[in-house]
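Participant: One letter stands for each residue in the lines below.
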Amino acid sequence: MPVLIVPNKSKPLNIPIFQSRIPRPEELVVLDKPLLEATIEVGNLLKDCQAKWAFAGDIGEILNGVNVRPDHLTILSNVVGCEEISKKLEGFQVEASRHVETQIKRNAEIEPEPLPITIKSYASQFNLNGQRLNVHGDLRIRVGDWDWGDPLDYEPEYVYVVGVKVPVVPLELKTRLYMGLGWMDRVRKIHEAMARRHHKIG
Amino acid sequence: MSTVIQENPVDVVCLGVGFMSGVVATELALAGYKVVGITKGPYWDYVNDYSTTKYDEWGVGLGRKYDSPLPLQSTTIRNDTSQFALPVRRYTMPIQYHALGHGVGGAAQHYGGGMGRFGPWAYEMASRTASSYGLGFLAGINPQDDTHDWPLTYAEYDEWEKAHGICGNYNGSSTNSSSDINYPWMSKNYPLPPHPLTPLAQLFQSTVQGMTAPNGQKYNPFPSVSALSSQPYTNQYGVTVNPCVYEGYCAGLCDYACETGAKANAAYRTIPAAINSGNFTLVTNAYIFRLELSASGNQVIAAHYYDAQGNDHRQPGTVFFNGMWGYNMIRLMLLSGLGTPYVYNSGTGTGSGTVGRGLTNGYTPYRGTNVSGTVNIGGNSYPAGNGSGGGVSVFDLMDDNFSHTGLNFIGGGLFGAGGYLGGGPGNITFAGGVSAPNTANPNGAMGSAFKATQQNKYLPTKQSVGATPFAPDLPTFMNYIDLDPHYTDAYGDPVSRLTYDWTPNTYNGATYLVNQIKAILTQMGATNVTVGATVAPYSAHNDWWGHHLRGGLRIGTDPNAGTATAWAALSGYNQLYYNSNTAGVNYFAAGEITNTTGNNATAGTHAAGPQSYRAAEGIKKYLANVATSGVNYLAS
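As given, the protein sequences belong to chains R and U, one line each in that order. Residue 10 in the numbering used here is what sits at position 25 of the first sequence, and the numbering runs on without skipping anything. Residue 468 in the numbering used here is what sits at position 453 of the second sequence, and the numbering runs on without skipping anything.
Just so you know, not all the hints are guaranteed correct.
Unchecked claim - Partial pick of chain U residues on the chain R-facing surface, computed with a CB cut under 10 angstroms:
id : residue
1  : L45
2  : A46
3  : G56
4  : P84
5  : A145
6  : G253
7  : V254
8  : V260
9  : L297
10 : Q314
11 : A505
12 : A639
Claimed, not checked - Derived list of chain U stretches under chain R, where covered just means 3 residues or more per stretch with a C-beta under 8 angstroms from a C-beta of chain R:
id : stretch
13 : 237 to 251
14 : 275 to 287
To be verified - SDA-like cross-link-like pairs, simulated, lysine to any residue; straight-line CA separation at most 20 angstroms:
id : chain 1 : residue 1 : chain 2 : residue 2
15 : R       : K32       : U       : G293
16 : U       : K635      : U       : G293
17 : R       : K150      : U       : P211
Since the hints were made in silico from the structure, they are not lab data. Just so it is clear, the structure is predicted and the values come from calculations on it, not from any experiment. No residue lacks a Cβ here, since even glycine has one placed at the ideal position from N, Cα and C.
Input sequences plus hints: build the corresponding full structure.
Facilitator: This is the structure in structure tokens:
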């Protein structure tokens, strides 16, 4: 039998080393467990809902891969849907459905001076094991003292959450909304998510 | 002599950061324990690392730049003990597929995304075969048979499939009812739907539905199970996953990495949740070379690794989980003195010890057991995507799903067709029809001949279909892993030596199966249906070294059996699970199941993957110090 002894080496050979850039936690798109569980529960409870509904707000975006940190659930529907959802989630309701008009915290950034944003909808609120769920029906937006916009409408897209199929508001609608409000940081986040999702060449 | 760099102690040290460690690290980190994961490669960022460089055909397809660098560490291979084992020096055909993974996610960056389940027969192969065909059946087929049952269960498959976003559909079952238990290799609850069927898959499906399988029943086709997410997905750890965009050019002979993270990989399924927990530290470009044992010899107290500059780091921990690639795991144990090394006695045809015992192969011999034909698919089919999506599979030729009475083998193979053609960019090495001048074709296939082939390559109306069945490869005493006495890695440590050749069961089974598949191809209307020439066992040595080699560690419950010895052979160390009979030990490993099955070679990453949930459970209980005695997890 031939014998070939390779002498020991004290140092590694000159091999290429690929530098790692390990992602920081804030770069990762990870949904907190309590909200994840609430999302699954809502998805299961509303799976037979006849009215149009979809997860919206930050929760709708993170389920589509956008790097945001939701602290509650939001559903966008219409008045009929809001009523139907209230029935299906009756045991969790903390505020009955009613017409609500609210000025949100962030202003529109489309003029030299910031403009307040007001929303109105037929809304109700729920609590699922400590997680807040806001349901908006026929939500409309007004910037400053401009005219009210039409009720938001959309064709839902679908994503899967641990095997549960749930509708989400399309990112395309969110992009148009954010661009209209001048929230370019949010547009950028959606753009980054879409860039991660699609191939780069060809 | 360099100074050893002391790292801070942690609760859990994960050795290697692939599929198995991904689960263990994440489960433990989310439970609040401090975890360190050590891997010899980098963290691959699919956005920046794969999307812009994966089409580097030379670097990926031939240089295997995403794979384990051979100058750092190779392995030697031989067919039997009469041969001198030679090292793998280059990832070239036919040993190209030997390539191991490198970095976080391990080999997952270059696999095809097939991730089905083992059937229960694979776990109980020895006892079921003895019960059906007699005790001597296996020994009558394979000389030096060493097949044993494995005490594994199905409980962990669901969690595994949820974590990795597996696509499938049970609706292929004949009854499709909740009481249907005839198809245990399929889940009723895949978290994602299957990919749309390709034209070839539809043809295959409709064809087999009208045929009769060898068991006398109709074939039952299922959408092929795939680890490529078919839809946007969020797993149970809250990690969001992009869907496959099909045109990703991720398969073919180059096994390109996934540029959107749609292909299941610990780096993009479990590890993000571990990082997000704040309890997990990832150490990359770190080459683990030894486990340090306590004075008593039954505790691992630290892992040693070299960083990219060659410095020796010492990482202490309370528990160590070995989730390395199969034979790297064996090698580290042998280098560190864990367990009893397997020693083969060629004179008696038996062996003793267990660390390294039972090496098997997930692939059948490349030569002599294949069938091919050409199918008219009736229209252009975009030849991109990945082999595990869009296909249809039948399991009726697998395991013991048909009678083996009168046959000279046991088991069988999954047969699927119609997966996306894959075949990403391949103009340098793999383009169909392109060849250098040779005897048969003095001018090579260039010019007009080249153009003609390219039209059918990229917009084909006919499709060549070939099959090399995954007939089961059973463990024998003669196939094993040990340390090579001659060759070393870059640091002077012996590399692993693989002694392996296919056994008669594999040849006999594949020979039988190709004729069953030939009948299906013919029924599909294929032309030029050809069955490769039969090759007698051991007459054509294995020259197709795949990265689907598996085994080398066993688990079991009977200390008097050869395999039992999950624990016994390790002299008190755990393997895979916590063992109540050896209270106080702190080493867990993800031993790959030695028995093979007819399912896809990656099935559940060799079935050890799902069991990593059990390891995580055992480690939690060990750390909580509530199960140092009296609880036998194997029995639970």
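Participant: Next step is simple, just say for each hint if it's right about the structure.
Facilitator: Now for the hints, and whether the structure bears them out:
Hint on U/L45 holds. Least Cβ distance to chain R is approximately 8 angstroms, under the 10 angstroms limit. With its C-beta approaching chain R no nearer than about 12 angstroms, U/A46 sits outside the 10 angstroms limit, and its interface hint is violated. For U/G56, the suggested interface contact is upheld, since its CB lies about 7 angstroms from the closest CB of chain R, less than 10 angstroms. Interface restraint check: U/P84 against chain R, minimum CB-CB distance 5 angstroms, threshold 10 angstroms, status holds.
About 38 angstroms separates the beta-carbon of U/A145 from the nearest beta-carbon of chain R, more than 10 angstroms, and the hint is not met. For the restraint placing U/G253 at the interface with chain R, the shortest Cβ-Cβ distance is roughly 4 angstroms, inside the 10 angstroms limit, so the hint holds. Interface hint at U/V254: satisfied, since its Cβ lies 5 angstroms from the closest Cβ of chain R, which is below the 10 angstroms cut-off. The restraint placing U/V260 at the interface with chain R holds, with a minimum CB-CB distance near 6 angstroms, inside the 10 angstroms limit.
Restraint check, U/L297 versus chain R: the minimum CB separation of about 5 angstroms is within 10 angstroms; hint holds. With its C-beta approaching chain R no nearer than about 29 angstroms, U/Q314 sits outside the 10 angstroms limit, and its interface hint is violated. With its C-beta approaching chain R no nearer than about 4 angstroms, U/A505 sits inside the 10 angstroms limit, and its interface hint holds. Below 10 angstroms, beta-carbon pairs count as interface contacts, and U/A639 has none with chain R, the closest being about 20 angstroms; its hint is therefore violated.
Figure legend: the stretch 237 to 251 of chain U, annotated as covered by chain R; annotation consistent (6 residues with Cβ-Cβ distances under 8 angstroms, at least 3 required). Counting residues of the stretch 275 to 287 of chain U whose beta-carbon sits less than 8 angstroms from any beta-carbon of chain R gives 3, enough to reach three: the coverage restraint holds. The straight-line distance between the Cα atoms of R/K32 and U/G293 is roughly 35 angstroms, outside the 20 angstroms bound, and the hint therefore fails. In summary, the hint linking U/K635 to U/G293 is supported, as the alpha carbons are separated by about 18 angstroms, within the 20 angstroms threshold.
This hinted pair checks out: R/K150 and U/P211 have alpha carbons roughly 17 angstroms apart, not beyond 20 angstroms.
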